[in-house]
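Visitor: Taken in order, these protein sequences are the chains called A and B.
All the letters of the first sequence, read from the start, carry residue numbers 1 to 351 under this note's numbering.
All the letters of the second sequence, read from the start, carry residue numbers 1001 to 1254 under this note's numbering.
Any given hint could turn out to be false.
[Unchecked claim] Computed cross-link-like contacts, DSSO-like style, restricted to lysine-lysine with a CA-CA straight-line distance of at most 30 Å:
1. B:K1153 x A:K144
2. A:K144 x A:K119
3. A:K121 x A:K144
4. A:K173 x A:K228
5. A:K104 x A:K144
6. A:K119 x B:K1178
7. B:K1078 x A:K67
8. B:K1153 x A:K67
9. B:K1248 x A:K104
10. A:K51 x A:K102
11. A:K51 x A:K67
12. A:K67 x A:K173
13. B:K1078 x A:K104
14. A:K121 x B:K1248
15. A:K104 x A:K121
16. A:K202 x B:K1153
17. A:K51 x B:K1078
18. A:K102 x A:K119
19. B:K1248 x A:K51
20. A:K119 x B:K1179
21. A:K121 x B:K1178
22. B:K1153 x A:K168
23. B:K1248 x A:K102
24. A:K168 x A:K102
25. A:K121 x B:K1078
26. A:K202 x A:K119
27. B:K1179 x A:K102
28. B:K1248 x A:K10
29. A:K10 x A:K67
30. B:K1248 x A:K119
31. B:K1153 x A:K173
32. A:K168 x A:K228
33. B:K1179 x B:K1248
34. B:K1153 x A:K10
35. A:K217 x A:K202
36. B:K1078 x A:K102
37. A:K10 x A:K223
38. B:K1153 x A:K119
For the record, the hints were derived by calculation from the structure and aren't laboratory data.
In this text the structure is predicted, and so the values were computed from the model without any measurement.
Residue-level listing of the chains:
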Amino acid sequence: MLVIENLRKKLENFMLEIERLEVGDGEYFVFLGSSGAGKTTLLEIIAGFRKPDSGRIILDGEDVTNKSINERKIVMCHGRYLFPNMSVEENIGYGIRGGSRKEKVREVARMLGIEHLLKRKPDTLSMGEQQRVALARALAVEPKVILLDEPLNSLDRLTHESLLLELKRIHEKTETTFVHVTHDFIEAISLAERMAVLRYGKIEQCGSVDEILRNPKNLFVAKFVGVKNLLKGRIVRENGRYVFEGGLRIVLDGTHECGNVVLGIRPEDVLIISSSNCKFRSENVFEAEVLDVYPLTLSTVRVVLDVNGIELVAETIKSKAIRMGLKRGDTVTICVMSAIPVAERLYPPVS
Amino acid sequence: MRALASLALAFFIFAVLSVVLSIAGKISPQVLQTAFSSEEVQFAISLSLRSALVATLFALLVGVPSAYALARFEFRGKEVLDSLIDLPVVLPPLITGFGLLIFFGETEIGKFVTEHLVRVVFTPYGIIVAQFFVATPFVVRTTRAVFESIDPKYELVAQSLGSSRFESFLRVTLPMAKKGILAGAILAWARCMGEFGATLMLAGATKMRTETLPIAVFLNISVGNIELALAIAFIMLVVAILTILSIKTVARLK
């Protein structure tokens, strides 16, 4: 188990501060944060590239904070830092001690599908290939923890996707703990078992992916994990149900605290339906005007809607949008499938 | 502006070519042949090549680690140290040589070295010491710039793969820097080949003993043997041109 305890490190504009964080053996853990949140510094402290001002890094019960880099069994995996003076084969074999170097190199190269690259020099590889080689090089030393610093950054979409799946597959095959930092929340939710959202050096929220998606602790986390619609208003109790009032009236599931709140609605939870008889629910159905429709990915579109003067962002399958002939100026019926109160005590209640 | 700049450039190129042609123009195959068959010239070439090689090797041995320390470590007084290293470059070589002469002849440490290790004053070893002093700052400067251009993360990543600091330096940083170090070494070697002032003071100008190529030019001019002096000057010109060519070649190497 990797434990970070009372870690403090003064950075240029803020303090990196982690009270306690545990990453379990063999876990895939992701730190999510925008650039400049201190993610890379945190990884470098775990790797031993930098010393913290105070606090401890504990690996399997042993304090490694002051251990030299090469004795930690924690490996930094970084495609940009392949050794340019060595071939791919030499790069992968770099950290292997003992006799069976050649076989070991072949084995990891086969696992990552890069056997055909072994004789090449790093500067002749594509970025995706460089990342694979870096991962092979890290795996070859059989470390306890592999640290990945934005490994899928600046890859084209196809490579991004295939390497993402590869990371998941490789992680499942090995017993190694993966600690991965990224600013891309799609990447985080696809890979992570648990994750921590980092902002200005502090952990805003830490938990399983599901937990964070379903229950973001504050506005920052909500925005970061893709909650596009944030409505200010209040929750009131009505006939035993909790209702949000704030431009729109939305009936909520479950129990909530009454009072002022920001309500988060994920774009994929805004369902666009053609007629007003919603098959799924009878409540939370609204008339809306389509303000804009634009493609988001190959298979999804984003729809900007006006509901009683409130702007809502929806996401839907592209084929469905085409079938409905969705275009600017249309009037449609929408249904809010699910909504999450965020930051329930964020601003003081109105007296 | 363009015309003015071009004019300045043309002027200087003319000046350089004048120097080159003044030497090369006076050289005939016969003169060169005489020079090459002269025992004195043969000796000077051999001594220059050997002393410059040894001095450059020592300069690398001391200069490369120093450059690495300056590039990678933060310590107090780094700027002072940096300036001290540049001192032999700025100080006239004659003064450096004079200082060395006093050091080896007058001080306790110098005397100890002379008695127990090696006699430097007015011997061929003096040439190597003089050249070493002139060459090392060159090695440090060029190599430091090379090390600074290499992201330290390469070494750190190598260490996280299990290498010790020293091993990561030997296997990763040094090979990455070798082109720049080689270019610096060639420059330093060329400096050694041309070193005159410090050599004159420390090793003296003894015919057929401490007679490097520049000293040979000096000695032959002083006794009025202009033709031989010209021939040696021509050899040095060729060495200079070869130096520039080899640095360009190194820069283009993969």
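Visitor: If a hint holds in the structure, say so; if it does not, say that too.
Guide: Going through the hints against the structure:
Pair hint B:K1153 plus A:K144 holds up; C-alpha atoms about 21 Å apart against a cutoff of 30 Å. In summary, the hint linking A:K144 to A:K119 is supported, as the alpha carbons are separated by about 28 Å, within the 30 Å threshold. With a C-alpha separation of about 28 Å, the suggested pair A:K121 and A:K144 falls inside the 30 Å cut-off, and the hint holds. For the proposed pair A:K173 and A:K228, the alpha carbon gap of about 36 Å is over 30 Å, so the pair is violated.
Of the pairs offered as hints, the one joining A:K104 and A:K144 holds, with about 17 Å between alpha carbons and a cut-off of 30 Å not exceeded. For a cut-off of 30 Å, the pair hint linking A:K119 to B:K1178 stands: about 22 Å separates their Cα positions. At roughly 27 Å between alpha-carbon atoms, B:K1078 and A:K67 fall within 30 Å of each other, so this suggested pair holds. Of the supplied pair hints, the one linking B:K1153 and A:K67 holds, its CA atoms being roughly 18 Å apart against a limit of 30 Å.
For the given pair, B:K1248 sits about 41 Å from A:K104 by alpha-carbon distance, which is inconsistent with the 30 Å threshold. Between the alpha carbons of A:K51 and A:K102 the distance comes to roughly 35 Å, so the proposed pair goes past 30 Å and is violated. Simply put, A:K51 and A:K67 have alpha-carbon atoms about 10 Å apart, close enough for the 30 Å limit, and the pair holds. About 29 Å separates the Cα atoms of A:K67 and A:K173, which keeps this hinted pair within 30 Å; it holds.
Distance hint between B:K1078 and A:K104 is unfulfilled; the C-alpha atoms sit about 44 Å from each other, more than 30 Å. Using a Cα cut-off of 30 Å, the hinted pair A:K121 and B:K1248 holds, with the two alpha carbons roughly 24 Å apart. Taken as a hint, the A:K104 and A:K121 pair is honoured in the structure, with Cα atoms around 19 Å apart against an allowance of 30 Å. At roughly 25 Å between alpha-carbon atoms, A:K202 and B:K1153 fall within 30 Å of each other, so this suggested pair holds.
At roughly 22 Å between alpha-carbon atoms, A:K51 and B:K1078 fall within 30 Å of each other, so this suggested pair holds. For the given pair, A:K102 sits about 13 Å from A:K119 by alpha-carbon distance, which is consistent with the 30 Å threshold. The suggested pairing of B:K1248 with A:K51 is violated, with an alpha-carbon distance near 42 Å, which exceeds 30 Å. Between A:K119 and B:K1179, the direct Cα distance comes to roughly 22 Å. Compliance with the 30 Å bound is thereby established for this hinted pair.
For a cut-off of 30 Å, the pair hint linking A:K121 to B:K1178 stands: about 17 Å separates their Cα positions. A hinted pair counts as satisfied when its Cα atoms are at most 30 Å apart, and B:K1153 with A:K168 qualifies at roughly 26 Å. Of the supplied pair hints, the one linking B:K1248 and A:K102 is violated, its CA atoms being roughly 38 Å apart against a limit of 30 Å. With a C-alpha separation of about 26 Å, the suggested pair A:K168 and A:K102 falls inside the 30 Å cut-off, and the hint holds.
The hinted pair formed by A:K121 and B:K1078 fails the criterion: a straight-line CA distance of about 37 Å is larger than 30 Å. Pair hint A:K202 plus A:K119 does not hold up; C-alpha atoms about 44 Å apart against a cutoff of 30 Å. The suggested pairing of B:K1179 with A:K102 holds, with an alpha-carbon distance near 29 Å, which does not exceed 30 Å. Distance restraint check for B:K1248 and A:K10: the Cα-Cα separation of roughly 45 Å exceeds the 30 Å cut-off, and the hinted pair is therefore not satisfied.
A distance of roughly 20 Å separates the Cα atoms of A:K10 and A:K67; the hinted pair therefore holds under the 30 Å criterion. In summary, the hint linking B:K1248 to A:K119 is supported, as the alpha carbons are separated by about 28 Å, within the 30 Å threshold. A C-alpha spacing of about 28 Å is found between B:K1153 and A:K173, which places the hinted pair at or below 30 Å, so the restraint holds. Straight-line distance between C-alpha atoms of A:K168 and A:K228 comes to about 27 Å, which keeps the hinted pair within the 30 Å bound.
Distance restraint check for B:K1179 and B:K1248: the Cα-Cα separation of roughly 11 Å lies within the 30 Å cut-off, and the hinted pair is therefore satisfied. Restraint check for B:K1153 and A:K10: the C-alpha separation of about 20 Å stays at or below 30 Å, so the hint holds. For the proposed pair A:K217 and A:K202, the alpha carbon gap of about 14 Å is at most 30 Å, so the pair holds. For a cut-off of 30 Å, the pair hint linking B:K1078 to A:K102 is broken: about 44 Å separates their Cα positions.
For a cut-off of 30 Å, the pair hint linking A:K10 to A:K223 stands: about 26 Å separates their Cα positions. A hinted pair counts as satisfied when its Cα atoms are at most 30 Å apart, and B:K1153 with A:K119 qualifies at roughly 24 Å.
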